[in-house]
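J.: Residue strings, one per chain:
2 protein chains.
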Amino acid sequence: MSTQFYLGIIGVGGVGTAFLQQLARLPEAPKLILLARSTQTLLSPTPTYTPGIPAAEWKTASATPDLTKTGALSPEEIAKYLSSAPGRAILVDNTSDPALAASYPIFLRAGVSIVTPNKKGFSSDLSLFREIFQSAIRGNALVYHESTVGAGLPVISTLRDLTSTGDEVTRIEGVFSGTLSFLFNTFAPVGGSGAGKKWSEVVAEAKELGYTEPDPRDDLNGMDVARKLTILARLVGLEVQTPDSFPVESLIPKELQGLDSSAEGAKTFMERLGEFDAQMTDIKESAEKEGKVVRFVGSVDVPKKEVRVGLQKFDQDSAIAGLKGSDNIISFYTKRYGSNPLIIQGAGAGGDVTAMGVTSDLLKVMQRLR
Amino acid sequence: MSTQFYLGIIGVGGVGTAFLQQLARLPEAPKLILLARSTQTLLSPTPTYTPGIPAAEWKTASATPDLTKTGALSPEEIAKYLSSAPGRAILVDNTSDPALAASYPIFLRAGVSIVTPNKKGFSSDLSLFREIFQSAIRGNALVYHESTVGAGLPVISTLRDLTSTGDEVTRIEGVFSGTLSFLFNTFAPVGGSGAGKKWSEVVAEAKELGYTEPDPRDDLNGMDVARKLTILARLVGLEVQTPDSFPVESLIPKELQGLDSSAEGAKTFMERLGEFDAQMTDIKESAEKEGKVVRFVGSVDVPKKEVRVGLQKFDQDSAIAGLKGSDNIISFYTKRYGSNPLIIQGAGAGGDVTAMGVTSDLLKVMQRLR
Chain A
1 MSTQFYLGII GVGGVGTAFL QQLARLPEAP KLILLARSTQ TLLSPTPTYT PGIPAAEWKT
61 ASATPDLTKT GALSPEEIAK YLSSAPGRAI LVDNTSDPAL AASYPIFLRA GVSIVTPNKK
121 GFSSDLSLFR EIFQSAIRGN ALVYHESTVG AGLPVISTLR DLTSTGDEVT RIEGVFSGTL
181 SFLFNTFAPV GGSGAGKKWS EVVAEAKELG YTEPDPRDDL NGMDVARKLT ILARLVGLEV
241 QTPDSFPVES LIPKELQGLD SSAEGAKTFM ERLGEFDAQM TDIKESAEKE GKVVRFVGSV
301 DVPKKEVRVG LQKFDQDSAI AGLKGSDNII SFYTKRYGSN PLIIQGAGAG GDVTAMGVTS
361 DLLKVMQRLR
Chain B
1 MSTQFYLGII GVGGVGTAFL QQLARLPEAP KLILLARSTQ TLLSPTPTYT PGIPAAEWKT
61 ASATPDLTKT GALSPEEIAK YLSSAPGRAI LVDNTSDPAL AASYPIFLRA GVSIVTPNKK
121 GFSSDLSLFR EIFQSAIRGN ALVYHESTVG AGLPVISTLR DLTSTGDEVT RIEGVFSGTL
181 SFLFNTFAPV GGSGAGKKWS EVVAEAKELG YTEPDPRDDL NGMDVARKLT ILARLVGLEV
241 QTPDSFPVES LIPKELQGLD SSAEGAKTFM ERLGEFDAQM TDIKESAEKE GKVVRFVGSV
301 DVPKKEVRVG LQKFDQDSAI AGLKGSDNII SFYTKRYGSN PLIIQGAGAG GDVTAMGVTS
361 DLLKVMQRLR
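So the protein sequences, as listed, match chains A and B. Letter 204 of the first sequence, counting from 1, is numbered 204 in UniProt numbering, and no numbers are missing. Letter 66 of the second sequence, counting from 1, is numbered 66 in UniProt numbering, and no numbers are missing.
Among the hints, erroneous ones may be present.
[Claimed, not checked] Straight-line C-alpha distance at most 25 Å; calculated BS3-like pairs for lysine-lysine: (1) A:K335 to B:K324; (2) A:K304 to A:K254; (3) A:K324 to A:K313; (4) A:K284 to A:K254; (5) B:K324 to A:K324; (6) B:K197 to A:K313; (7) A:K304 to A:K284; (8) A:K324 to B:K313; (9) B:K197 to B:K335; (10) A:K324 to B:K197; (11) B:K267 to B:K207; (12) A:K292 to B:K292; (13) A:K284 to A:K198; (14) A:K292 to B:K335; (15) A:K324 to A:K254; (16) B:K324 to B:K207; (17) A:K324 to B:K267; (18) B:K324 to B:K267; (19) A:K207 to A:K197; (20) B:K304 to B:K267; (21) B:K289 to B:K197; (22) A:K197 to A:K254.
[To be verified] Cβ-to-Cβ under 8 Å is the rule here; a few derived chain B residues that face chain A: (23) L153; (24) S157; (25) S164; (26) F246; (27) P247; (28) V248; (29) R336; (30) N340; (31) I344; (32) T359.
Bear in mind the hints are in silico, worked out from the structure with no lab data behind them. For each residue, glycine too, the CB sits at the ideal point set by N, CA and C.
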């Protein structure tokens, strides 16, 4: 009943900071003993793993003399440190680092559970995905990753509940990117053109509002959505090798795909995007002629084993067409739910709601390991 | 790691039957040792609690000579039988019996966990609600009741995730009855009168399709919705004494409220309901004049501590207005989610989806007690 939990956190960006705030307010928080950012690692001294790092004052904690400070540690070193703690250890990975994700098996085999919003471990090579869950079984550890799809929305947990109770999921479909949701809700709202802004203007506005990645091409290339669909498809049993082993429509015009990935390339991209506005206007107007609107969606057709990411037309009175702001919507069609899907909708991006998925996963892991 | 789980089930109605089917297909099912219906109880013989009752052949299992058959047992007797099993015991209550729900504390104090879609324990007197959760702590047992609101939809679990991670829920609102959803989606569809059926005709049609309770007054009096709202309000911390301690609008015309609750009373009710169609037509048309539609909803306003159940007007392009069939929709407004709520939508009634919530809860209880 009185298992002591020891927590390591890697990453103090937007999600990491929000997570630390939520952690500081938990009534029964685990003991924070490792906090790592890219260049610095803060540790509770061994062998006592005491004192813990105060989550509420993590910014100034590195000045505390009784905590250990080092540079970056390797995954092996961190796994050894955490698994030697005198209780159950959990690592929260709040980065989007593919190298760290590739090391999850090291942690799991050592009995360290993983909680993370980092999509990389679950959406890269299928072999890594499998190794992660096999390592968890071997190490008697748990892996929770609710926030890899739809941030704090209960997407992964609902999908697991459906499959674990024997329902047959036939189709998953939805808007999985807050950025692309905002772009199309603004560019092609229900009821016609509205303000009639051009595509490049809408993208520029979204970038200014902070709704896109610093380089908007990271949203427009569709790869973030492709990674989420890869995760969902694998959870219903499809063997998706990588996130580019199925059709992903990029919204980066062909002529601009050669620009390099530097900040300079991003600048040129934004300057030249307007040259291709006519293409997007055509797509929008062709949908309007059919009484529909265009949206950027992802779908998994389970019986056909097809995963797709790209533009699609929707009836104006459909739930997808009616989305507001930067909301996500995810529809699960299953045998039990019949013709009307089980739908989950709401903010699918943002530090607080993403961190909520992480905190909620952490509580579930603690409940199960208690 | 190899905790043995012993399961007792009470109730083999629509949900109970669907649950037994799902249980029979679970890869790691608990051992079924008690199956009780109103007049008969089937038990695995003590002290070995072997053999188990085959979930797949439960209908014919009472003919098996090596199982024990008795009449109805008291809650105390069942609790003693289950808690003496050589492992962790779980009781699934698939009835809607208030007396059984009032005995949950007896089971929980004896260490028997409870999984149930029965609303009575959580929506009757506040003192029972509190005693249930206090008894669970004392007995080191768990209580899961996802299917008490929205059937298998992840409503209770999502609300618990929001509150346990420190979000501030400000408002909960939605359509919580599949029956009333169907009635209003048919009677007052978006876009005007449609087929133009009278209210009493729509109710009669729903009754024939099996969408209402055998006595439709059990849906129209709003009490089922009031019980669900009572549960949600209590989970966000409001001290709701009983499900009739807040305003609940009944759709039973005043003039018919004196009819007795017999089958004869139900028959007279259905015969006379048409006399009051003009009232419902007025309500519908007054909404249409404002460009709105009328729906039967429940809401919890947390800062104001107000719970309400009744008719309300909604914009035609709102998610509530756009509901289809007999779907439920539940919107959570919270501090983190801001102006756009977290929304869950889908079938909120039916044996299979209700049983799914029960099965999913059972798996979670087993994961936590392992």
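J.: Does the structure break any of the earlier hints, and which numbers would those be?
T.: Hints 2, 6, 7, 9, 10, 14, 15, 17, 18, 20, 26, 27 and 28 not satisfied by this model.
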